[in-house]
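Q: Below, each chain spelled out in residue letters.
4 protein chains.
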Amino acid sequence: MIIMESKATQEQIEQVIKEIRRYGLKADVSKGAYRTVIGLVGDESTIPFTHFTDLPGVKEAIRIETPYKLLSKEYSKFYEGISERTIVEAGGIGVGGDELVFIAGPCAVESKQQLFTIAEGVKRAGAHILRGGVFKARSSVHSFQGLGAEGWEEAEEALSWLYEAGKKFEMPVVTEVRGESQVDLVAKYVDILQIGARNMYNQDLLTKVAKKNKPVLYKRHFGAGVEEFLSFAEYIAAEGNKNIILCERGIVPIGKGKQYSRYTLDLISIPVIQQETYLPVIVDPSHAAGRRELIFNMSCAAIASGASGLIIEVHYNPAEALVDGRQMITPDELKDVIDACQRIRKVVLPKRNES
Amino acid sequence: MIIMESKATQEQIEQVIKEIRRYGLKADVSKGAYRTVIGLVGDESTIPFTHFTDLPGVKEAIRIETPYKLLSKEYSKFYEGISERTIVEAGGIGVGGDELVFIAGPCAVESKQQLFTIAEGVKRAGAHILRGGVFKARSSVHSFQGLGAEGWEEAEEALSWLYEAGKKFEMPVVTEVRGESQVDLVAKYVDILQIGARNMYNQDLLTKVAKKNKPVLYKRHFGAGVEEFLSFAEYIAAEGNKNIILCERGIVPIGKGKQYSRYTLDLISIPVIQQETYLPVIVDPSHAAGRRELIFNMSCAAIASGASGLIIEVHYNPAEALVDGRQMITPDELKDVIDACQRIRKVVLPKRNES
Amino acid sequence: MIIMESKATQEQIEQVIKEIRRYGLKADVSKGAYRTVIGLVGDESTIPFTHFTDLPGVKEAIRIETPYKLLSKEYSKFYEGISERTIVEAGGIGVGGDELVFIAGPCAVESKQQLFTIAEGVKRAGAHILRGGVFKARSSVHSFQGLGAEGWEEAEEALSWLYEAGKKFEMPVVTEVRGESQVDLVAKYVDILQIGARNMYNQDLLTKVAKKNKPVLYKRHFGAGVEEFLSFAEYIAAEGNKNIILCERGIVPIGKGKQYSRYTLDLISIPVIQQETYLPVIVDPSHAAGRRELIFNMSCAAIASGASGLIIEVHYNPAEALVDGRQMITPDELKDVIDACQRIRKVVLPKRNES
Amino acid sequence: MIIMESKATQEQIEQVIKEIRRYGLKADVSKGAYRTVIGLVGDESTIPFTHFTDLPGVKEAIRIETPYKLLSKEYSKFYEGISERTIVEAGGIGVGGDELVFIAGPCAVESKQQLFTIAEGVKRAGAHILRGGVFKARSSVHSFQGLGAEGWEEAEEALSWLYEAGKKFEMPVVTEVRGESQVDLVAKYVDILQIGARNMYNQDLLTKVAKKNKPVLYKRHFGAGVEEFLSFAEYIAAEGNKNIILCERGIVPIGKGKQYSRYTLDLISIPVIQQETYLPVIVDPSHAAGRRELIFNMSCAAIASGASGLIIEVHYNPAEALVDGRQMITPDELKDVIDACQRIRKVVLPKRNES
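Residue numbers (numbering that gives the first Met the number 0), protein chains in the order written: chain E, 0 to 354; chain D, 0 to 354; chain C, 0 to 354; chain B, 0 to 354.
Fair warning: there could be bad hints in the mix.
When chains are identical, the list treats them as one kind, so a pair holds in a single copy or across two.
Unchecked claim - Calculated lysine-lysine pairs in the BS3-like style (CA-CA distance at most 27 Å, straight line):
| no. | residue 1 | residue 2 |
| --- | --- | --- |
| 1 | 350 | 122 |
| 2 | 72 | 255 |
| 3 | 257 | 72 |
| 4 | 334 | 111 |
| 5 | 211 | 345 |
| 6 | 76 | 257 |
| 7 | 25 | 111 |
| 8 | 350 | 58 |
| 9 | 334 | 72 |
| 10 | 58 | 111 |
| 11 | 350 | 334 |
| 12 | 111 | 255 |
| 13 | 255 | 30 |
| 14 | 345 | 334 |
By construction, these hints were calculated from the structure, which means they are not laboratory data.
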């Protein structure tokens, strides 16, 4: 990270960028009101850092040791416009501030009516953002893959329902982009682009999605450590897009015997991520637990651990859902979850804000 | 499980027990005011169950499918004195009811003064039970193993301090029994016998501790699934001791890269265990997190997930502690934790009690 | 799976396919010399199977219970052209037969000269197929991403070197396709398309690669169980491409403390996969071990466990390599590995062939 | 580690030991023909090492960084009687040399006849050491716990059969000591004391077993990393007993879905352990795989990875076995395994011996 003097000229800034490129690296430039900060994207271990401090206009050159430099707390200290606890703006809703954010909706969009009924239900229950899957990531080719699997026209139609529902019920909308070929289409219709857990390591998709300059909801893979998760989030940041909402959704269970939940929810990761990076982090209790009767407690626990919000699957009649019916809750149950979470937030927020 | 008719005679009961023994099994007998229930300990798969229903005085013979039959919800339905949600009485403190229970104290007892100073601190902060390690389970033979390692006399002296501190500050006390040879001695001085995570699979120790007929604080091993945890708890129950407090304290981390906490805290296990068994379950955030700054949030999350209490390591000056100083909090910080947890309990309790 | 009578007419076959589509499923048709077999792609749980047996020309309708039906041993019994142990033809080299296959080359193609020097070395050492990465999957955006990252022209040039080296040293070539946008380009130059471990779950990439109808080298993700691995391989098979070479390359380490290897090599998966599916499976000891001094023993162990071959990273001067130098071996060391493996193969092959 | 000068007097040695004790540590003394080496047991981080070099007769004071100092390769360099690759003598059989060692026998001793029939079979097949469980570690209290569970007399009788079978068929014998109370009895009858995987962390048992000064067969726990495994083995070494045979027997599976084997066999741990310590390491394919049809390949793979031997469960009629019948092989199958392993050993041994 190169910190320019406040009175550095445009020419001096460009000279530094040129120099960075000469070493085969890319520059991540933040021009603030007071000063310009230039992050280095690429392997800086081979670069003579002292050389940069000799360039005119350079105030300081700081090496950041983590593999997620652009997202680190340290970086935020110098980077204008990024605070130590960034609020990601997503269609008018701020994620990461004092207010909790609840994202809710059906696992898969099945029909316009199904979507609108659920959208109305989750809005009434207090949700802020509407979710709904069109391109579903499924572990079996023999399972329902979402309406997106039926053709581009069907996909576009389903996306337009999402868009309309968002307008009608005044909620920004989010949906998963499962493959590179879907990025352009999906970005036309939704406010937030989701990258699913199974695509956490898909760096080509990350790069392509990042370039849309829309907020990204980015889920941790179930086999990834926290360091890996943040290192791959850096692929998004390296494209200049730091509007990233991180999401914990469970890691693979270990141990022998019966599995009572789909995944192990790693809630220690929440305060850890908040110490390591300036990004907001939310939790998906639905996929982690995989069973309706666990959602209430795990939602409460997620908020108690410090999460900035939740993403929850909701259906007016879970038994009817084409995908994941076992883990959906009703709009009424969602209301209970939200009420409880809001009360818990009041307990844990003062501690967060004093730290 | 054999359910006797309410008017079954003592002779008839004895005939059933004799019959059970004839098959090489043991009988777990509960004589209630209304009826007697007889659990089978051993491999019942080879037994002709219908044969038992033909015996005089037998009302019903029910096969329970889990490997933790004596601890299962199903068993509690017929067994008098055990409700679906048992409250374990430990030195006058009930664990598992509506009221949260906080167990706190130093990781290791280092001196009488250290113990008494901390005991006073945790009492003032609102703790109910005092903990303090005399025989420490350590991962390196080259680390401090507790005063118990210095000889039986030193061990007994340290245990007597625990006893006195408990009396003086009116808290029951708990300490770990690390090996079989320590059981008799430890049982003389403490109210609750703890079996540590590393001894979860030590069936000889489990059996020996169970026979003391004192409440047992039993920790899940970091490599154990929930089914294994409950299956081994059954070793305690099979000795007729069902005063078991289960404790989740983190499982081994998976994934590559830097570890930001000592273990992964598996909070989904809390509601899962409460569905599977009638025993209370508490959480040890200190060993799971391993870092002071994570304790507040993980304590709150544990209570939000439904835990009946916490066991927390406290020191008036964590930097001075001979063991685990990195994860200890001060009495003042403990007070903050307890206050926050009590408020969260009020949020999640109604849901528990209606289910 | 619908098995047609040997004398079933084309019309009858088409009626069955039409019927399958009417239920919203796809048909995987194998017209053999003796009879036609039709696999069902999609959720067949909702289909009245008996209905199919009533259609004219249908001999039998069999439900296969695993989520990897098209790849199961059971499927191969009826499907002509697929034996219980399929040999995948890759540029003239058969993978999965009695002869071991060794794939070797640099981790990343760095220059024409580097590639040709290594290609000559591995050929001399006894390798059959040449590997070389152009689009590298890396865990940090700040690391070298392969020549493919420098632009499409540079990527195409590097691919053409691979093509030329393959021709010159008479080895088919394999390289990783990391993203969907690279599929067309890469397929023009190489004999085998590799899908890396991090993309195991990338179903859009799988589908796109499968359609090229070239052999696919498909690596298990480090967080995936065997069932998941095979279930996702089914995405390739569902496109009609069953020329799949499976590859075990290590799973995430568990447990606390120092990591002495990059991953845990799961060699039990080798005989397990061979029992479950008719596809060949090879092992990548380089990425699993991550340390040169472990390669010899782990290569031998892989072949002893029954693997049909290995993929190994080789460099004439590992210390110079831009990527993964720590785990590369020299051509001379490769020769030792191949010699030892060939001798071990002779020990374990008779057992395989009698089973 | 304090290395004394070759001409150091007994008095000087004793002064060093006294000094070590003054710091609250224990001394592990090795008096060789040429010089005396004194290892420190306890936390040496607080000790002023330079102080020791000032004492008369001291040649060098070396800090060893690993938590398994007494077992480290570094330690063996100075310690007389311990080579970099120690051969543990167990009843006349050397484990860890060029010759492979095969330990075989029934999972549980069921009767004298069963034991003798199997003993004869494994001897004929080429086994060197006889195994047989008397005190069984079982995951359910409702399963058969071995004859040891029926009373001390029955246990002693079963142990005496083991002793007799060992004499008759000229094989040293090994059995598991599951709890502290069994140590004295078991040590009277067997040549090697086994500590099972579930007791890996049971430091009181380790200490008690170590003091018997018999060779110890010590199994890695399924949730333990290699560093932890070696750190706990150090508890045995700290009692002055370095006759330890380490054994890998599988770690907990990760990932979702069907489990096709009981555990994941971590064969990379074999060469890793051989680099880190001077102790021999063997493999238990029976418990790792849990299925008969995987034993042949996993045995071969274990030897190919460099293991010094195997411990395998054998029964003349696996279907009849009271415990683990699913994973037992017959004496004839054992012969095939041993023959194949011997041939593989010839392939991998030269590489080991040149390194």
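Q: Does each hint hold? Answer for all of them.
A: These are the hints, each one checked on the structure:
| no. | hint | result |
| --- | --- | --- |
| 1 | 350 / 122 | between (30 Å within a copy, 23 Å between copies) |
| 2 | 72 / 255 | between (38 Å within a copy, 22 Å between copies) |
| 3 | 257 / 72 | between (40 Å within a copy, 17 Å between copies) |
| 4 | 334 / 111 | within (23 Å within a copy, 52 Å between copies) |
| 5 | 211 / 345 | neither (35 Å within a copy, 44 Å between copies) |
| 6 | 76 / 257 | between (47 Å within a copy, 23 Å between copies) |
| 7 | 25 / 111 | between (45 Å within a copy, 25 Å between copies) |
| 8 | 350 / 58 | neither (35 Å within a copy, 56 Å between copies) |
| 9 | 334 / 72 | neither (34 Å within a copy, 29 Å between copies) |
| 10 | 58 / 111 | neither (57 Å within a copy, 42 Å between copies) |
| 11 | 350 / 334 | both (25 Å within a copy, 13 Å between copies) |
| 12 | 111 / 255 | neither (43 Å within a copy, 33 Å between copies) |
| 13 | 255 / 30 | neither (53 Å within a copy, 35 Å between copies) |
| 14 | 345 / 334 | both (17 Å within a copy, 17 Å between copies) |
Checked against the numbered hints given earlier, the structure breaks hints 5, 8, 9, 10, 12, 13 and satisfies all the rest.
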